[in-house]
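Q: Residue numbers (numbering that gives the first Met the number 0), protein chains in the order written: chain P, 0 to 276; chain S, 0 to 229; chain R, 0 to 256.
Calculated directly from the structure, the hints in this document are not laboratory data. One should not assume that every hint holds.
Short derived list, chain R residues pointing at chain S, Cβ under 10 Å [to be verified]: (1) Pro25; (2) Arg29; (3) Gln102; (4) Leu109; (5) Pro113; (6) Gly117; (7) Ala125; (8) Asp219.
Over the 10 Å line for every Cβ pair with chain R, so calculated as not near, a few chain P residues [to be verified]: (9) Phe33; (10) Glu38; (11) Ala39; (12) Gln45; (13) Ile156; (14) Leu223.
For every residue, glycine included, the Cβ atom is placed at its ideal position computed from N, Cα and C.
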Amino acid sequence: MDSTQKPPARLLRTAWLPVTTALMIAAALALTFFYAPLEAQEGFLQKIFYLHVPLAIVTLCGFVYGGLLAIAHLRTREVRYDVRSYVAIHMSLIFGVCVLITGSIWAKGSWGHWWVWNEPTLDSFLIIMLLYCTYQPLRFAIEDRERQARYASVFAITAGAFVPMAMIVVRLAPQYVHPRVLSSANNLPAPMGATFVVALLAFSLLYATLWRLEVRVKLARFRLRALQRLALERAQAPLRAPLASPGAPLLVPSTASADRSSGRRRQLAERGEVIVP
Amino acid sequence: MESSSPALELRALGRRFGERAVLRSLTLTLEHGQTLAVLGSNGAGKTTLLRVLAGLLAPHSGRARVLGAELPRERELLRGRIGWIGHEPLLYRALTVSENLSFHARLHGQGRRRVAELLEAVGMSARAKTPVRELSRGMLQRVAVARALIGSPQLLLLDEPEANLDPGAREALEPLIGRDSRCTRVLTSHDPQAALEEADLVLGLRDGAPLLLEPPASIDRDRLSALYSP
Amino acid sequence: MSTLPENALSAPPRASVHQPASGRPPGAARVALILLGKELRLELRTLESVPGMALFALSAFVIFHFALNRAALQGDLAAGVLWVTILLAALLAINRLFVADAQQGGFEALALAPVPPGAILAAKAAALLIYLLVLELLALPAFALLLLAQPLAAAAFGVLATLLLGDIAIAVIGTLVSALVIRSRARDLLGPLLMLPLLIPVVIGATSALSPLLAPHAPDLSSWLSATGLRWLAVLGLYDLLFGLIAYALFEFLLED
């Protein structure tokens with residue numbers, strides 16, 4: 000596909016997302032610092048809200064998205080869905096660490112402690128992060144790559160379903176009977192709400208950009224490895240041939256090697272390991 | 000319907016482990032009641048082939064039809080129809096011989112009678128109450144044979160079945176898993192000569208690729224040894 | 000076996016060994032029962048799980064006594080100590096749940112036999128649930144005796160209902176996680192690390208339900224139910240149901256290969 004397109008079209012196809020992301024991040028920052036009014040009680044510190052809350056929402060959506068992609072992997076067994084699921088969770092983990100750090104800073108500024116146990120959203124976020132921290136150790140403790148993908152998908156689906164459940168159950172817990180401390184997006188004054196929406200959009204785009212980049216790098220690496228394997232097999236094929244008896248009628252590697260390699264290539268493409276241009 | 004199709008039908012079957020191909024482009028057909036002997040040195044892909052045929056490993060490319068079931072899609076249809084005798088006896092070590100066997104018998108809808116029948120057939124009736132962990136390798140193999148046959152399988156997959164057997168046990172088990180069993184069989188062996196005598200078809204594997212696929216009568220010593228040459 | 004008359008065996012056995020199967024393969028529920036029977040028989044034979052869990056729970060109570068420096072506990076502290084102990088004891092059994100199958104070829108034997116994946120899940124979860132119930136049968140009196148400030152009998156129904164629903168969650172999630180980590184290196188470490196976050200909602204639910212029952216003036220059953228009990232039992236029940244469905248849908252993918 001790429002090769003048939005003219006260079007500008009190709010550039011447009013790959014560049015629109017990072018460019019839009021950069022513009023949106025700039026817009027979100029500008030709105031945060033120059034448009035959104037100072038909050039009456041917390042003052043300047045409250046600006047961290049436009050970073051912390053959108054990041055948290057994007058993180059959680061990313062975890063759930065990773066679970067949905069894992070369902071697609073188990074249904075199709077295609078490698079690319081596993082890669083997408085892995086990258087979604089990986090990105091969410093990185094975003095999630097930022098959420099915990101910004102949340103901590105906010106807590107220190109507002110209540111004087113780096114961590115407080117009176118904010119159910121933050122507490123359930125911590126529990127969810129604790130669970131997802133085991134995703135990579137589990138994944139890389141399984142050696143067979145196919146089984147690794149399958150087991151990681153089972154984890155991703157279970158954990159994806161756990162995300163909303165943990166949020167709900169933690170919120171019901173008796174220690175949160177008093178009203179919530181942090182304002183949510185519902186009852187914000189209009190300028191704050193608008194800034195929040197722009198920031199949420201900007202961080203969603205940032206997530207999407209980074210996700211797409213890493214997925215492409217990973218798939219390209221798989222493709223390279225598959226091609227290397229193909230080259231190796233082709234190089235070995237003439238070595239094996241003389242060992243076989245010429246008279247054997249049922250001898251199997253009988254198809255022309257060119258046919259075989261294109262068939263092999265198609266198979267790899269079906270498995271999502273080689274992207275046929 | 001399945002009796003009209005061959006017992007085994009492989010078309011360009013392939014399987015990898017990570018980046019390494021362990022089975023490459025394997026094509027063969029085996030009729031019901033025939034015996035296929037798989038030869039090759041260690042790591043040639045013999046056990047992997049058996050595991051694919053048992054539905055324990057999914058093929059990565061090509062087609063595999065076993066007892067009429069398309070793998071891996073119709074794997075469920077194979078359950079209970081394959082007798083597997085491998086390197087591991089697949090028995091719970093803490094349970095007795097008869098507890099292990101009646102567990103498997105009940106899974107196949109069989110009763111105590113079947114257990115007694117098989118214990119007798121493998122010559123282990125006297126050891127029925129012995130915990131499996133106290134058995135010698137040869138006895139373990141006898142019980143493993145009984146376990147494999149308890150569901151009256153249509154296809155026997157035998158991974159070096161004689162590796163742990165003394166001559167007496169070999170003789171005792173011969174009618175059960177040997178040629179006289181009249182089962183469709185796929186067997187691997189370290190002893191090519193013995194395998195040639197048993198087989199209707201010989202498959203020689205080297206690095207997962209078929210070097211040899213023909214009836215035993217037409218195979219000479221040189222081509223056999225090419226399988227094992229370094 | 001030995002109950003069979005001699006002459007039944009004197010017929011030439013070899014001819015009949017390869018005869019087509021006469022019996023019909025059992026249904027999924029029956030298979031689950033057969034598997035559960037095997038599981039319990041293995042546990043009775045090896046005693047690898049339940050005695051260890053019980054001893055662990057007893058030690059944990061003693062440790063809590065000294066670590067908290069209290070002779071008697073009540074309310075949410077009592078509920079927390081009880082649940083933490085049960086949870087950690089459960090981890091011991093969960094770590095062992097699939098070891099015999101992985102090491103002695105049980106997985107392969109079951110993959111070759113006519114056994115649906117759902118039956119394996121049900122049998123393993125039921126076995127784990129039975130281990131937990133036996134553990135509680137032993138640990139609860141010990142807890143009441145050693146640590147609890149007031150008699151337990153008044154609140155028995157509420158306590159048992161909460162424990163049962165919590166145990167189901169531990170059993171279902173434990174089976175899923177145990178199967179998930181069994182083929183990985185460092186499974187002894189990964190199992191608990193995965194289990195604990197997944198069970199935090201269960202701890203929240205169970206301790207919230209229990210703490211009024213273990214308070215100095217325990218409410219009677221109906222006032223407990225209408226105050227908080229019913230809500231938390233419902234939360235635990237829903238959690239059981241949801242994870243039961245997830246485990247049922249995903250378990251077959253863990254048995255392949």
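Q: None of the hints should be skipped; say for each whether it holds.
A: Now the hints, each set against the structure:
no., hint, in the structure
1, Pro25, "holds, 5 Å"
2, Arg29, "holds, 8 Å"
3, Gln102, "holds, 9 Å"
4, Leu109, "holds, 8 Å"
5, Pro113, "holds, 3 Å"
6, Gly117, "violated, 12 Å"
7, Ala125, "violated, 16 Å"
8, Asp219, "violated, 47 Å"
9, Phe33, "holds, 41 Å"
10, Glu38, "holds, 32 Å"
11, Ala39, "holds, 34 Å"
12, Gln45, "holds, 30 Å"
13, Ile156, "violated, 6 Å"
14, Leu223, "holds, 26 Å"
Checked against the numbered hints listed earlier, the structure breaks hints 6, 7, 8 and 13; every other hint is satisfied.
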